[in-house]
Amino acid sequence: MENFDPNLSTDHFKWIPKGLFYDLLDPANETLLAGNPVNDYVSGYTNAQMFSTFQSNIYTLQDYRARLLQTVANTTSSQVTGLFAQYHY
Amino acid sequence: MKNLIVSVTLLIVAVINSGCPKPCIEANYSFAANSQITPDLDSVKVGDTIFLTSSFSTKLTDHASGQMIDYGNSTGIGSTLAVSNLPIGDTIAKDAVFNFDYTSLSGRVYNDRNIPRPDGVQQLTYQEIGGNYVLKVGLIAKQTGNYILGLGDGLSNGRNTSRSCEKASFNISINNTNQHFYLIENWVPGIILNDYGKKHVYYFKVY
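Those protein sequences? They're chains A and B, same order as listed.
Quick note: the first sequence uses this note's numbering, first residue 37, plus one each step.
Quick note: the second sequence uses this note's numbering, first residue 3, plus one each step.
Hints are computed from structural coordinates only; laboratory data are not their basis.
Model, not experiment: these values are computed from the prediction.
The C-beta atom is built at its ideal place from N, Cα and C for all residues, glycine as well.
Among the clues, some could well be false.
Per label pair, the in silico range of CB-to-CB distance [stated by the list, open to error]:
{"no.": "1", "chain 1": "B", "residue 1": "N75", "chain 2": "A", "residue 2": "Q85", "range": "23 to 33 angstroms"}
{"no.": "2", "chain 1": "B", "residue 1": "T146", "chain 2": "A", "residue 2": "N83", "range": "45 to 55 angstroms"}
{"no.": "3", "chain 1": "B", "residue 1": "F100", "chain 2": "A", "residue 2": "Q85", "range": "17 to 27 angstroms"}
{"no.": "4", "chain 1": "A", "residue 1": "M86", "chain 2": "B", "residue 2": "N116", "range": "24 to 34 angstroms"}
{"no.": "5", "chain 1": "B", "residue 1": "V48", "chain 2": "A", "residue 2": "F87", "range": "49 to 59 angstroms"}
{"no.": "6", "chain 1": "A", "residue 1": "A64", "chain 2": "B", "residue 2": "D42", "range": "20 to 30 angstroms"}
{"no.": "7", "chain 1": "B", "residue 1": "A66", "chain 2": "A", "residue 2": "L61", "range": "40 to 50 angstroms"}
{"no.": "8", "chain 1": "B", "residue 1": "N134", "chain 2": "A", "residue 2": "A109", "range": "25 to 35 angstroms"}
{"no.": "9", "chain 1": "B", "residue 1": "D42", "chain 2": "A", "residue 2": "T96", "range": "42 to 52 angstroms"}
{"no.": "10", "chain 1": "A", "residue 1": "T96", "chain 2": "B", "residue 2": "F100", "range": "41 to 51 angstroms"}
{"no.": "11", "chain 1": "B", "residue 1": "M70", "chain 2": "A", "residue 2": "T107", "range": "44 to 54 angstroms"}
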């Protein structure tokens, strides 16, 4: 999952952000500088927080990102928008 | 009446011959492959070309099952090449695909705008030649600077055979290449290179 590359155009399923939720959760800081597919400076979101953000009026990942930032703040929140953008959302 | 019988008979024959589609045999193999970058000098001049090459047999060992698989006739093995520039004194890489010209000798390097970072990532496609998958592409330096190449893993969505649903992922590592890790340790002191990155990254300067 950590090796999923959202920039691989021949991957028919590149639109599915396979590593996004793991990147929100995990403490690892992957960077382009170190040869990783994305810059991941986000960490500390819990499964419970991410799950509770999926509410009945959330239809897009952009809505989800906004609601996550609105309801759950942590010290890496400022990097969340950039992380979503790297997955094309 | 005779025409009706003939028509119905032909229809039945057509239906029987067309049949139902055969069930697709799903598989998702996981293979390993190698690549090299030459010449693996830590500094090259504007106008110089560095080559990314990769070649491996179509007969590969599937990591999941341990079985040898002949994975010929792929519909296409794609991968990515991230090209970044690190300005002196900065710790944030900038997209730098267009700081280079590109040449495809075997397989293909090209740009696709329909990805999150089209100015930072090139697409790679292998070519099947004589029982091998081959890639040889060149990057011709246009601007001075400190550069980082990140080679992505490969993916095949299927095969042009009766086993068309057999997908495969390719863990493509850079090996037999001096990747100049000391450069990034000088540029960004304290940076931590993880195992994935060490197998996929290459650092160099253009002067």
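Here's how the hints hold up against the structure:
In this structure the supplied range 23 to 33 angstroms is violated for N75/B paired with Q85/A, their Cβ-Cβ distance being about 46 angstroms. Separation of T146/B from N83/A is about 47 angstroms and conforms to the stated range, judged on CB atoms against 45 to 55 angstroms. For the pair F100/B and Q85/A, the supplied restraint of 17 to 27 angstroms is violated, since their beta-carbon distance comes to about 40 angstroms. Taking 24 to 34 angstroms as the suggested C-beta distance range, the pair M86/A and N116/B conforms, at roughly 28 angstroms.
Taking the beta carbon of each, V48/B and F87/A are about 52 angstroms apart, inside 49 to 59 angstroms as hinted. Our hint of 20 to 30 angstroms for A64/A and D42/B holds, since their Cβ atoms are close to 28 angstroms apart. For A66/B paired with L61/A, a C-beta distance near 26 angstroms fails the hint of 40 to 50 angstroms. For N134/B and A109/A, the Cβ-Cβ distance of about 53 angstroms falls outside the hinted range of 25 to 35 angstroms, so the restraint is violated.
Range check, D42/B to T96/A: Cβ separation about 45 angstroms, and the 42 to 52 angstroms hint holds. The hint said 41 to 51 angstroms for the Cβ distance between T96/A and F100/B, and at roughly 31 angstroms that hint is violated. For the hinted restraint 44 to 54 angstroms between M70/B and T107/A, the CB-CB distance of approximately 51 angstroms keeps it satisfied.
Violated hints, in rising order: 1, 3, 7, 8, 10; the structure is consistent with all others.
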